[in-house]
Amino acid sequence: NAGVTQTPKFQVLKTGQSMTLQCAQDMNHEYMSWYRQDPGMGLRLIHYSVGAGITDQGEVPNGYNVSRSTTEDFPLRLLSAAPSQTSVYFCASSYSRLGTDTQYFGPGTRLTVL
Amino acid sequence: KQEVTQIPAALSVPEGENLVLNCSFTDSAIYNLQWFRQDPGKGLTSLLLIQSSQREQTSGRLNASLDKSSGRSTLYIAASQPGDSATYLCALHQGGSEKLVFGKGTKLTVNP
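First to last, the protein sequences are chains A and E. If you count the first sequence from 1, you need to add 4 to reach my numbering. If you count the second sequence from 1, you need to add 214 to reach my numbering.
Take these hints with a grain of salt, some might be off.
Which stretches of chain E does chain A cover? Using the computed rule of at least three CB atoms under 8 Å from a CB of chain A, they are [as the list claims (entries may be wrong)]: (1) 228-234; (2) 259-271.
Once the Cα atoms are required to be at most 27 Å apart in a straight line, the calculated BS3-like pairs of lysine-lysine come out as [what the hints assert, rightly or not]: (3) E:LYS318 to A:LYS13; (4) E:LYS256 to E:LYS318; (5) E:LYS215 to E:LYS282; (6) A:LYS13 to E:LYS321; (7) E:LYS313 to E:LYS282; (8) E:LYS321 to E:LYS256; (9) E:LYS256 to A:LYS18; (10) E:LYS215 to E:LYS321; (11) A:LYS13 to E:LYS256; (12) E:LYS256 to E:LYS282; (13) E:LYS215 to A:LYS13; (14) E:LYS215 to E:LYS318; (15) E:LYS256 to E:LYS313.
I should point out that these hints are in silico values taken from the structure, not numbers from a laboratory. Every residue, glycine too, gets a C-beta built ideally from N, C-alpha and C.
Excised from the complex, chain A in its bound form:
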């Protein structure tokens, strides 16, 4: 198993550009989520999904969009990048809908918005 994979690893954007951060898992996990990690703020939940076709907002959803058309993939879209979105983004997954199982994290995408 590859586990949770994320692409790209690094990305630099200009303010106003849009892009999609990719996340995929091959463990047949129902629950997937996106976090951002900022110095002094810890990890904060952006969006999550409890299964294909079902998504919901987390703690800091503004400026981000998600969809879940398959069990394996959970892309995160930045609609119009802003410098405040400079961060490290992590995708995570777990088997259980309620996230009561071990969470598996991807290696992260380091995003800089100029």
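Chain A is fixed; fit chain E onto it per the hints.
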């Protein structure tokens, strides 16, 4: 609102020492608590998961305990090694919520 605190923010110890990392939380209505390790520039790796009905979990040199009534968890590392150097984060799965609430972590340095 659940708040998770990890103290100290940084810890430096000599190799071979036994050590305890602390995690405290304000709301005891949790499903589980996980301890993660994060190496610089890397993702998070789950170390131990304690369900709310459990008191502790062990894996090798690691032992994690959970006391919901006092809002505390500890991660005990026995016979520390330089390879244990990393940031350790605790995270709670809050009852009635689909998210993990993370502490800000303790950065551990084990000196040879």
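Comparing the hints with the structure gives:
1. Note: the segment 228-234 of chain E has 0 residues with beta-carbon separation from chain A under 8 Å; the three-residue rule is not met and the coverage is violated.
2. Closer than 8 Å: that is the beta-carbon criterion, and the segment 259-271 of chain E has 4 residues meeting it against chain A, so the requirement of 3 holds.
3. Distance check on the hinted pair: LYS318 (chain E) and LYS13 (chain A) sit about 23 Å apart at the alpha-carbon level, within 27 Å; holds.
4. Proximity of LYS256 (chain E) to LYS318 (chain E) is assessed by CA-CA distance (about 16 Å); at most 27 Å being required, the pair is judged to hold.
5. For the hint pairing LYS215 (chain E) with LYS282 (chain E), the CA-to-CA distance comes to about 16 Å; that is within 27 Å, so the pair holds.
6. Between the alpha carbons of LYS13 (chain A) and LYS321 (chain E) the distance comes to roughly 23 Å, so the proposed pair stays at or under 27 Å and holds.
7. With a C-alpha separation of about 18 Å, the suggested pair LYS313 (chain E) and LYS282 (chain E) falls inside the 27 Å cut-off, and the hint holds.
8. A C-alpha spacing of about 14 Å is found between LYS321 (chain E) and LYS256 (chain E), which places the hinted pair at or below 27 Å, so the restraint holds.
9. A distance of roughly 25 Å separates the Cα atoms of LYS256 (chain E) and LYS18 (chain A); the hinted pair therefore holds under the 27 Å criterion.
10. Proposed proximity of LYS215 (chain E) and LYS321 (chain E) is supported: the alpha carbons are some 25 Å apart, at most 27 Å.
11. Restraint check for LYS13 (chain A) and LYS256 (chain E): the C-alpha separation of about 10 Å stays at or below 27 Å, so the hint holds.
12. This hinted pair does not check out: LYS256 (chain E) and LYS282 (chain E) have alpha carbons roughly 30 Å apart, beyond 27 Å.
13. Between LYS215 (chain E) and LYS13 (chain A) the CA atoms are separated by roughly 33 Å; this puts the pair beyond 27 Å, and the hint is violated.
14. Straight-line distance between C-alpha atoms of LYS215 (chain E) and LYS318 (chain E) comes to about 16 Å, which keeps the hinted pair within the 27 Å bound.
15. Between LYS256 (chain E) and LYS313 (chain E), the direct Cα distance comes to roughly 21 Å. Compliance with the 27 Å bound is thereby established for this hinted pair.
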